[in-house]
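J.: Read off the chains here:
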Amino acid sequence: GIQVEQSPPDLILQEGANSTLRCNFSDSVNNLQWFHQNPWGQLINLFYIPSGTKQNGRLSATTVATERYSLLYISSSQTTDSGVYFCAVEVSNDYKLSFGAGTTVTVRA
Amino acid sequence: NAGVTQTPKFQVLKTGQSMTLQCAQDMNHNSMYWYRQDPGMGLRLIYYSASEGTTDKGEVPNGYNVSRLNKREFSLRLESAAPSQTSVYFCASSILQGAWTNEKLFFGSGTQLSVL
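Residue numbers (this note's numbering), protein chains in the order written: chain A, 1 to 109; chain B, 1001 to 1116.
I should point out that these hints are in silico values taken from the structure, not numbers from a laboratory.
Check each hint, because a few of them may be wrong.
As the list claims (entries may be wrong) - Taking lysine-lysine pairs in the DSBU-like style, the calculated list, with each CA pair at most 35 Å apart, reads:
id : chain 1 : residue 1 : chain 2 : residue 2
1  : A       : K54       : B       : K1057
2  : B       : K1009     : A       : K54
3  : B       : K1104     : B       : K1071
4  : B       : K1104     : B       : K1057
5  : B       : K1014     : B       : K1071
6  : A       : K54       : B       : K1104
With these hints in hand, go ahead and build the complete structure from the sequences.
T.: Here it is as structure tokens:
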């Protein structure tokens, strides 16, 4: 099956800092999503972004499908950004999302 | 609008016991999924149902069964629980757009299951 690799595995930030999370995948995909799991375990969909760039407040994401990677940018980080960020991809004709292992982000006040 | 609702939130079982995790969505989504989350391993797909009346195996189906009861409900059953099934279980749903693509996946709040 498709391999999804996220980096870095852990990230510690000072409040107000910017950061970039990366997701590499091993095959062509027709669906890529970013999720945030908060410290209470709730998973929230951040972006549906199979290609191109999207922005939502302080978060933005870019997927370069031809080079098989996606980036999630966090700007002016806040303590509420803490949690685990997952990238998930779907291969064509698959109907299933495969998840990476996640990046654990800790934002310190 | 409740979204995706899972029950129970917590459960402790003894080895060999059976139980069913319930999931319901009120967003009129076509596709529903069961994932398990273990430390350091992300989420792994157990079973999914692309549409009402169909179910298929995911990455880790052994030891589980599912039922797509109707468009709203998708249950996961453990027939004989084992300690290796200790995990957090998430139900999810999405609307099927176009021929092959599921857009945004929405998750329930999870079930923390311990098998002793």
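J.: It remains to establish, for every hint, whether it holds in the given structure.
T.: Status of the hints after comparison with the structure:
no. : hint                : in the structure
1   : A:K54 <-> B:K1057   : 32 Å, holds
2   : B:K1009 <-> A:K54   : 34 Å, holds
3   : B:K1104 <-> B:K1071 : 18 Å, holds
4   : B:K1104 <-> B:K1057 : 21 Å, holds
5   : B:K1014 <-> B:K1071 : 32 Å, holds
6   : A:K54 <-> B:K1104   : 14 Å, holds
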